[in-house]
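Asks: Given next are the chains, with one letter for each unit.
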Amino acid sequence: MYNNLSIKLFGNVLDNPIIPASGTFGFGYEFAEYYDINILASIALKGTTYEPRYGNILPRIAECQAGMINAIGLQNPGAKCVVGEELVKLSKVFKKTAIANVAGNSIEEYVLTSEIFDKAQSIMAIELNISCPNVKGGGMHFGTDPKIAAEVTKSVKSAVKKPVIVKLSPNVSDITEIARAVEGAGADAISLINTLSAMRIDLKTAKPIIGVGTGGYSGAGIFPIAIKMVAATNKAVKIPIIGMGGITNAYDVIEMMYAGARAVMVGTQNLIDPFACKRIIEDLPRVMKELKIEKIEDIIGRTTLNG
Amino acid sequence: MNNVILTTSLNREISKDTYEIILAGDCADNKPGQFVEIKLNGFTLRRPFCIAHSTDSTMTLVYKVVGAGTKYMSTLTYSDKLDVLTGLGNGFNTMACETSRPLLIGGGTGIASIYNLAIELKERNPIILLGFRSKEDAYYIAEFSRLGEIHIATETGELGFKGNIIEYLKTSKIDYQYYYACGPMGMLRELFKFSKNGEMSLEARMGCGFGACMGCSIKTTSGYKRVCKEGPVFLAREIVFDV
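Chains A and B are the protein sequences, given in the same order.
Residues in the first sequence are numbered from 435 upward in steps of one, following the working numbering.
Residues in the second sequence are numbered from 26 upward in steps of one, following the working numbering.
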């Protein structure tokens, strides 16, 4: 049913623009222990590879002044297990469709994994994670070269029927170049930003806190960077943008949509407050009233970036 | 899991850099071995703490000042309010030692996590082994003495056996069938090598504390498990220790 919080995405009407970001919500069903997750627009599932992956050595987490660094390393049970077990558990408590997040070490792996999710009824779209900074020899390098980014996108697009979202890395000199490349290759939407490459050092040992040395920085501290990149990307492409990076409250959602986001993803805040998405959805009508916004869909891209 | 606002009623140093904080509010449904995650002003991530003791309306936590977060926590005073996630993780299985006298082993701040368990097992007169670095690090000795038969080891030898608590266990010929342990990784690894008949509560650097981020996954004999969600208590024999 259409209401003032509704937005359209890939021909679907979503109840609101709030989607938990991949890697901060597991496979979703465990959050059903805390609240009714059916209030969410959708859920971006934990990044999935073709084969199961344990991920990186511990520690995988380092705290920062206004956020955190993680280097999980795509721990996941593999695409077949995700579809065969995790999605079954999710479907019991979530009546809407989810977004699969696909990562890989080769174009073939992206294609094979995406094909598995393409057959799953409970999947709305496939988000290609070409921006994970935490996996050696894979992940991010697909997202920092426009040619390779376009090639991954094109290969997956020709293999699947479901809409393909390409998740972009901020660790590039010009994110709009990558955005245009994946749009040209047939991407149905773009999501941004993934985490920023970062590092902390233990003052007692002078060694990196993160076990593998570096990781990806997320949380409130990256919000202004994300806003700028979403605004610049909105100017560069016509396909829908899902904005993310440091969103902590309903005001941030409005700002992200002004910048050009059609929907938003909430990430790190879920780890600090398991009720974050629920609180943001419940607070949105109040904030919209305060800002004299009647329909949230009307504000998408209201801010135009000059120059 | 519950998200509650608790009020500080007491926060005091009980041994070197080790504090006891008593919080009041809705503290129901916290089992021995479960933990809480506390949001501290000015810090992004919540901090995990084991529960030393809890009732329906109060909980006592014991923590060591090790960094900026716990340093800030040590400044909390009467009536200060805290945003807390309670009832996290899975606690000790008190049924596992039904037919024998329980053995409880604690080291350092891990001692706090077996205090609630000792209270619950009091009727069965548990054997309680406590390991500290030195006399000035020791705490809760009088409290544990009321709950069972206590044995102490200090590395300096100032109190009880000179050496670590696992060396003491090996030499003492204590008769037991099943243990419950919490302490530093080194202590748990030594205990694991000596005996796998029991369960261990693990400590880890966590992101969220409730299973969402996979920041604290460990290897087990049945795949990877999260210290915060499937743990923090694991059967000793299912833990795969890095050699």
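Treat the hints as calculated values from the structure; they're not laboratory data.
Take these hints with a grain of salt, some might be off.
[To be verified] Derived DSS-like pairs: lysine-lysine, alpha-carbon spacing no greater than 27 Å straight-line: (1) B:Lys-250 - A:Lys-514; (2) A:Lys-638 - B:Lys-64; (3) B:Lys-198 - B:Lys-218; (4) B:Lys-89 - A:Lys-638; (5) A:Lys-588 - A:Lys-723; (6) B:Lys-254 - B:Lys-244; (7) A:Lys-669 - A:Lys-641; (8) A:Lys-530 - B:Lys-254; (9) B:Lys-64 - A:Lys-523; (10) B:Lys-64 - B:Lys-254; (11) A:Lys-523 - B:Lys-250; (12) A:Lys-442 - A:Lys-672; (13) A:Lys-638 - B:Lys-96; (14) A:Lys-523 - B:Lys-254; (15) B:Lys-64 - A:Lys-526; (16) A:Lys-581 - A:Lys-669; (17) B:Lys-187 - B:Lys-56; (18) B:Lys-254 - A:Lys-514; (19) B:Lys-250 - A:Lys-526; (20) A:Lys-641 - B:Lys-89; (21) A:Lys-581 - A:Lys-595; (22) A:Lys-641 - B:Lys-160; (23) A:Lys-596 - A:Lys-526; (24) A:Lys-529 - B:Lys-244; (25) B:Lys-96 - A:Lys-641; (26) B:Lys-56 - A:Lys-638; (27) B:Lys-218 - B:Lys-244; (28) B:Lys-106 - A:Lys-712; (29) B:Lys-147 - A:Lys-638; (30) A:Lys-553 - A:Lys-442.
Just so it is clear, the structure is predicted and the values come from calculations on it, not from any experiment.
Asks: For each hint, tell me whether it holds in the structure or not.
Replies: Evaluation of the provided hints:
no.	hint	result
1	B:Lys-250 - A:Lys-514	holds, 19 Å
2	A:Lys-638 - B:Lys-64	holds, 24 Å
3	B:Lys-198 - B:Lys-218	holds, 16 Å
4	B:Lys-89 - A:Lys-638	holds, 17 Å
5	A:Lys-588 - A:Lys-723	violated, 42 Å
6	B:Lys-254 - B:Lys-244	holds, 14 Å
7	A:Lys-669 - A:Lys-641	violated, 42 Å
8	A:Lys-530 - B:Lys-254	holds, 25 Å
9	B:Lys-64 - A:Lys-523	violated, 30 Å
10	B:Lys-64 - B:Lys-254	holds, 19 Å
11	A:Lys-523 - B:Lys-250	holds, 18 Å
12	A:Lys-442 - A:Lys-672	holds, 15 Å
13	A:Lys-638 - B:Lys-96	holds, 16 Å
14	A:Lys-523 - B:Lys-254	holds, 17 Å
15	B:Lys-64 - A:Lys-526	violated, 32 Å
16	A:Lys-581 - A:Lys-669	holds, 21 Å
17	B:Lys-187 - B:Lys-56	violated, 33 Å
18	B:Lys-254 - A:Lys-514	holds, 23 Å
19	B:Lys-250 - A:Lys-526	holds, 23 Å
20	A:Lys-641 - B:Lys-89	holds, 22 Å
21	A:Lys-581 - A:Lys-595	holds, 23 Å
22	A:Lys-641 - B:Lys-160	violated, 31 Å
23	A:Lys-596 - A:Lys-526	holds, 22 Å
24	A:Lys-529 - B:Lys-244	violated, 33 Å
25	B:Lys-96 - A:Lys-641	holds, 22 Å
26	B:Lys-56 - A:Lys-638	violated, 35 Å
27	B:Lys-218 - B:Lys-244	holds, 17 Å
28	B:Lys-106 - A:Lys-712	holds, 23 Å
29	B:Lys-147 - A:Lys-638	violated, 41 Å
30	A:Lys-553 - A:Lys-442	holds, 23 Å
Hint check: violations occur at hints 5, 7, 9, 15, 17, 22, 24, 26, 29; the rest are consistent with the structure.
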